Amino acid sequence: ELCVRGYSVMKGYWGDEARTREVVKDGWMHTGDLATIDAEGYCNIVGRAKDMLIRGGENVYPREIEEFLYRHPKVQSVQVFGVPDPKYGEEVCAWIVLKPGEQASEAEIKDFCREQIAHYKVPRYVRFVDEMPLTITGKVQKFVMRQRMVDELQLQETKTA
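Anchor point for the sequence shown: position 111 equals 111 in my numbering, and the numbering is continuous, going up by one each time.
Mixed in with the good hints, there may be bad ones.
Below, a list of computed lysine-lysine pairs in the BS3-like style, where the Cα atoms sit at most 27 Å apart [to be verified]:
(1) K99 with K139
(2) K74 with K142
(3) K99 with K74
Using C-beta positions, here's what the derived DEER-type ranges look like [stated by the list, open to error]:
(4) L153 with G27: 26 to 34 Å
(5) E22 with E102: 41 to 49 Å
(6) E1 with A39: 14 to 22 Å
Simulated from the structure, these hints should not be mistaken for lab results.
If you're wondering where the values come from, they're calculated on a predicted model, not measured in any experiment.
Heads up, the beta-carbon is just placed ideally off N, CA and C, and yes, glycines get one too.
Produce the entire structure from the sequences given, and follow the hints as far as they go.
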């Protein structure tokens, strides 16, 4: 997790000491972002800690799969998230908005992935949608997508270690 501190970093949440204690520890603010440092010393955000899913013991970062799927010539927009799975704990699900006039199949998307990314990152479920559910401010609501998939597939929530 990316942690930062310095004169420009907030000292806490106004009037919310409990929330402040959750994110600021020993003067370091825990951002909730997962990051790596490359060979040149640059910090690269790879996703959000709360978005990460664990499939069969492997950490899967939705943003990594989203960035890969954006390379598909027919994909306009994509969101990746986890859904419960009794065998693997979680499975990868992708919601895709295609570019205008394009058509694609679930098999086409999976084949595109299988050729280039690790098998455990290939979405088990692919859904083509006209739009993503958004908040009033335009932020994608992954929890809504996840719940819709749980309902559609009649999945049971699973406990993971």
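Going down the list of hints, with the structure as the test:
1. K99 with K139: holds, 20 Å
2. K74 with K142: It holds: about 22 Å lies between the C-alpha atoms, which stays within 27 Å.
3. K99 with K74: holds, 6 Å
4. L153 with G27: 26 to 34 Å: violated, 45 Å
5. E22 with E102: 41 to 49 Å: holds, 43 Å
6. E1 with A39: 14 to 22 Å: holds, 21 Å
Figure legend: structure checked against the earlier numbered hints; the only hint not met is number 4.
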